[in-house]
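Kindly generate the complete structure, drawing on both the sequences and the hints.
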Amino acid sequence: MTFRAKLFWIFTLALVLSVGLIATGVTIAARKAFDESNRQHSDALVAQFQREFERRGQDVARRVQGIANAEGTVRMAIDLARPQADVSVYVSDARGVAQSYQLDFLDFVGNDGSIISSAENPARFGYKMDWVTKGADEKPIDWAAQGPFLTKLDTEAGPALALMAVSRVRVGDKDLYIVGGQKLGKEFLASLVLPAGMRALLYLNLDPNFQPANLIDVSGSVDQAQRFASFIDRVEQQPAEQTFTIDWTADPKSAEVFHALPLRGRQNELLGILLVGNSQREVVILERRIQILAIVAVAVGIFIALLLSWWGAARVTRPIRKLADAARGVTEGNWSARVDVRGGGEVGQLARAFNQMTQQLVEQRERLLQAERVAAWRELARRLAHELKNPLFPLQTTVENLRRAKEQNPEQFEEVFRESTGILLAEIENLKTIVARFSNFAKMPQPELGSVNLNEVVRSVVKLFEAQFGAVGRPPITPELHLEEGLPTIQADQALLHRAVENLVLNAMDAMPAGGVLMLRTTHQNGNVKLEISDTGTGLTPEECDRLFTPYYTTKQHGTGLGLAIVQSVVSDHGGRIAVESESGVGTSFHIELPGKPPQRPQVFPMVFEKKAEE
Amino acid sequence: MLSRRRAAVSGAAIILLAALPALSARRPRYGGTLRAEIGAAVSSLDPGGASANPEEAAAKAEIAALIYDHRNPDGTYSDPGPFRVSEWEPGKHLTLAANEDYRGGRPFVDAIEIQMRRAARDRVVDLEVNKTDLAEIPPEQARRAADRGTQVSTSQVDRLVALVFLAGHPAASDARLREAIADSIDRDAIVNFILQKEGEAAGGLLPQWSSGTAFLFATVSDPGRAKELWQQIAPSPKIVLGYDSDDPQEQAIAERIVVNAREAGITLTLRAISPSAAVSNVDAELVRLAMVSPQPQVALTSFLGVLNPLAGVNPDPLPDRASPDQIYESEKAIVRSFSVVPIAWMPQVYGLSARVRDWKVPGPGESWPLADVWLDGSGAAAAQGNP
Chain A
6 MTFRAKLFWI FTLALVLSVG LIATGVTIAA RKAFDESNRQ HSDALVAQFQ REFERRGQDV
66 ARRVQGIANA EGTVRMAIDL ARPQADVSVY VSDARGVAQS YQLDFLDFVG NDGSIISSAE
126 NPARFGYKMD WVTKGADEKP IDWAAQGPFL TKLDTEAGPA LALMAVSRVR VGDKDLYIVG
186 GQKLGKEFLA SLVLPAGMRA LLYLNLDPNF QPANLIDVSG SVDQAQRFAS FIDRVEQQPA
246 EQTFTIDWTA DPKSAEVFHA LPLRGRQNEL LGILLVGNSQ REVVILERRI QILAIVAVAV
306 GIFIALLLSW WGAARVTRPI RKLADAARGV TEGNWSARVD VRGGGEVGQL ARAFNQMTQQ
366 LVEQRERLLQ AERVAAWREL ARRLAHELKN PLFPLQTTVE NLRRAKEQNP EQFEEVFRES
426 TGILLAEIEN LKTIVARFSN FAKMPQPELG SVNLNEVVRS VVKLFEAQFG AVGRPPITPE
486 LHLEEGLPTI QADQALLHRA VENLVLNAMD AMPAGGVLML RTTHQNGNVK LEISDTGTGL
546 TPEECDRLFT PYYTTKQHGT GLGLAIVQSV VSDHGGRIAV ESESGVGTSF HIELPGKPPQ
606 RPQVFPMVFE KKAEE
Chain B
21 MLSRRRAAVS GAAIILLAAL PALSARRPRY GGTLRAEIGA AVSSLDPGGA SANPEEAAAK
81 AEIAALIYDH RNPDGTYSDP GPFRVSEWEP GKHLTLAANE DYRGGRPFVD AIEIQMRRAA
141 RDRVVDLEVN KTDLAEIPPE QARRAADRGT QVSTSQVDRL VALVFLAGHP AASDARLREA
201 IADSIDRDAI VNFILQKEGE AAGGLLPQWS SGTAFLFATV SDPGRAKELW QQIAPSPKIV
261 LGYDSDDPQE QAIAERIVVN AREAGITLTL RAISPSAAVS NVDAELVRLA MVSPQPQVAL
321 TSFLGVLNPL AGVNPDPLPD RASPDQIYES EKAIVRSFSV VPIAWMPQVY GLSARVRDWK
381 VPGPGESWPL ADVWLDGSGA AAAQGNP
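Residue numbers (my numbering), protein chains in the order written: chain A, 6 to 620; chain B, 21 to 407.
In short, the hints are calculated from the structure, not lab data. No incorrect hints appear here.
The list that follows gives simulated cross-link-like pairs (lysine-lysine, DSSO-like), each with its CA atoms no further than 30 angstroms apart:
no., chain 1, residue 1, chain 2, residue 2
1, B, Lys247, A, Lys157
2, A, Lys535, A, Lys602
3, A, Lys394, A, Lys411
4, A, Lys258, A, Lys191
5, A, Lys157, A, Lys144
6, B, Lys217, A, Lys179
7, A, Lys133, B, Lys258
8, B, Lys380, B, Lys217
9, A, Lys157, B, Lys258
10, A, Lys144, A, Lys179
11, A, Lys157, A, Lys139
12, B, Lys352, B, Lys247
13, B, Lys352, B, Lys258
14, B, Lys217, B, Lys352
15, A, Lys133, B, Lys217
16, B, Lys258, A, Lys191
17, A, Lys133, A, Lys144
18, B, Lys151, B, Lys217
19, B, Lys380, B, Lys151
20, B, Lys380, B, Lys112
21, A, Lys139, A, Lys179
22, A, Lys133, B, Lys247
23, A, Lys139, B, Lys247
24, A, Lys157, A, Lys191
25, A, Lys11, A, Lys327
26, A, Lys188, B, Lys258
27, A, Lys468, A, Lys535
In this text the structure is predicted, and so the values were computed from the model without any measurement.
Given below as structure tokens:
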């Protein structure tokens, strides 16, 4: 993966994660805000209910007190305070008074706790209502201080919850109690002002177990009331404010969050539960809209992130790509490659360092070339001196013999002259041969490509040297061929390859004066063919390995130092590579790798030979 | 001393002069229009025609008794009565004019205007504001009406309210259940509070003044025994008690019965029954029985004529001229079956305006004596002198 691609994906990932995190954060924040809003709505409605409850209670108390203060009530109290008072005349009074004061419940209760008149249950006259006259401690109740309260009443239609208040009219030592109240039912729920999406339900805890009919709303009944059973039971077991959610259908929009508020009576008993329902429909719709917006934002963000990443990566990697191109150019020999990077920063510094480095490399290369050139010339001069010194010594000796013969033995001069001229001609011929060899190396021909099977080349070279491997008077050399069957043919100059392999075999034979094993192995990989030639000779030192392919360098007494240089030249002309590995005392291995088809230009060590060629 | 005598003579003269108009007012006068109000809506004056409810039938009978002189054994009427129909708006208003040729003599009043479909409360109010001269009022309102100055005329108790368990209803077939409910009923409370003491608790089917044996029937409630009996019945049946939806008094009594029963642990369900409803679908209902005669045997026989089809009570028939013991035994057999539970005896209560004179409360089987009533006042005085 390229640096640009990596940068692209890093930028993209970072931006996508950022956008995703922001979208998730917004969604979570929105949900929290909605939850908070729901809670506030519920709290507001509960507070409204409590205010309305208190207001209703005070209203009921005022009405009951108004009845107690009314002339008719006072007269009744006075009448009932008389001995042998006839209470029957008042038996039907409560209903009319209750209607006048808009009370659902009204009872006139005598001093002994007997009902004198009942509006909600006129037939209950004469029955006792003891809780009015005395409390649980059997002491009279201070109703003036008691205030309104919630209680359960038995009516003709069954039990009911009511907001009640009690007032007392005392005449002499006799009391007349006025017990009045209003029913806590759907009318009360209808009086609550509810925001859209909210509703108030009232569970009347009138039975030991959950009864769907006891759960009412403004219409008087609640659909699927049974769904509330477990929650009502929970509140009954733990009478405290609680919140629960009912999913009416599988659609989340149908969910409704309920806030349960326990309603208690005078004895702190649980008489009812107010349920404030908050439909989640709008919230879910809003959340979905936000989620869709978030998804769109994420999608757009990702798209923008891709564009920005692509642009950013391109911008960031442009100088690096230039650096890479320049470095590749340097690799390919373009030592004049330069990176044009403006601006500062690490990349700019890197580019400048690269330019400086290439500049220094060029300079060092020039110096190295200069040094190599000098060294080569020195080596050449040494070799030439060495090569030429050998024929020159006999020439000098011959010429001195001629002069001495002419001066000292003129009679033998003719014979000496004849022998000396022969020697001179032979040595001159030797000098010409030496010169020709150097000349031939300088005139290495360009390869003429054809289909070549490297195995055949190897076999022909080995066959050429078969006689010498087992020649009498020298230790035997055992050739071992490991030639891969089906080795593909390559485009090459067979003669040049033959010459190169021949030089390597000769080199190996020279490295094994005490005999040994010569191993030749061919393989192929990825369309390239490989040749390994190993000997079990004395091996080379690392320094020798480094200079091994340098022209005119030799470790042998009579070598020209051109053999391996020729091998390297042939391999290079075929676009291949040659390497050597050697271990002193173990042997040396040459590895040649040749492409199936050589490139137009030699790619390996081109400059050396090109420079050579130029020189 | 002399001055004392003069003063005494003067005082006697003043008293005599003051008493003269009163003496004059006690003499019957002709003329005037008697305004009467009834609760029923009489839709037809045909005495043989069908009536929607007993109240209409009773009102129709009263009107027939005014415009006819003779009631035949077959129930038809004949001979012109003391009044004739002058104006007739079915179900709303009826004006009767005095029959000058009535063989019993011309009635004192010139006409009777009968306003129909007046509720009991409205009738009481109309009496108080002198908007009407005669109206039957519920017994429970008699005392209050009297306290407010209305002239109230009360008959002997001759109307029975009874709880009747309907024959053929399985829920009420258990005698223990019927007895439990009967024992739970506090009759005294019903009489004292609902009827405002205008009545008597009823233990038997006939009133004490008629049979002389009513005291032998217990009227006190026994919630303990009621509870005990009810607990013997398992499973507890659901009893539906019906009452006349147009009768607030019946409703009040029914509600009290339900409350009494509830206190004994018995659950009764109330259901209002429209008088015109063909099917009531109740297990028991409140029934009003009016005595047609002060004679106990006649009255009991007429009661049985109503109760037999309802409750299925069918005691041995009484012989002609049955003895009080036989009547008592027959009555006891019915009461002991608990299929009919007598609740209370009520009187007929009429409210009269101050100018109505010589009104006599009709006894059992008697009609309103309007031919004998005369009106005191200026309107009537103008007509004085007519034969």
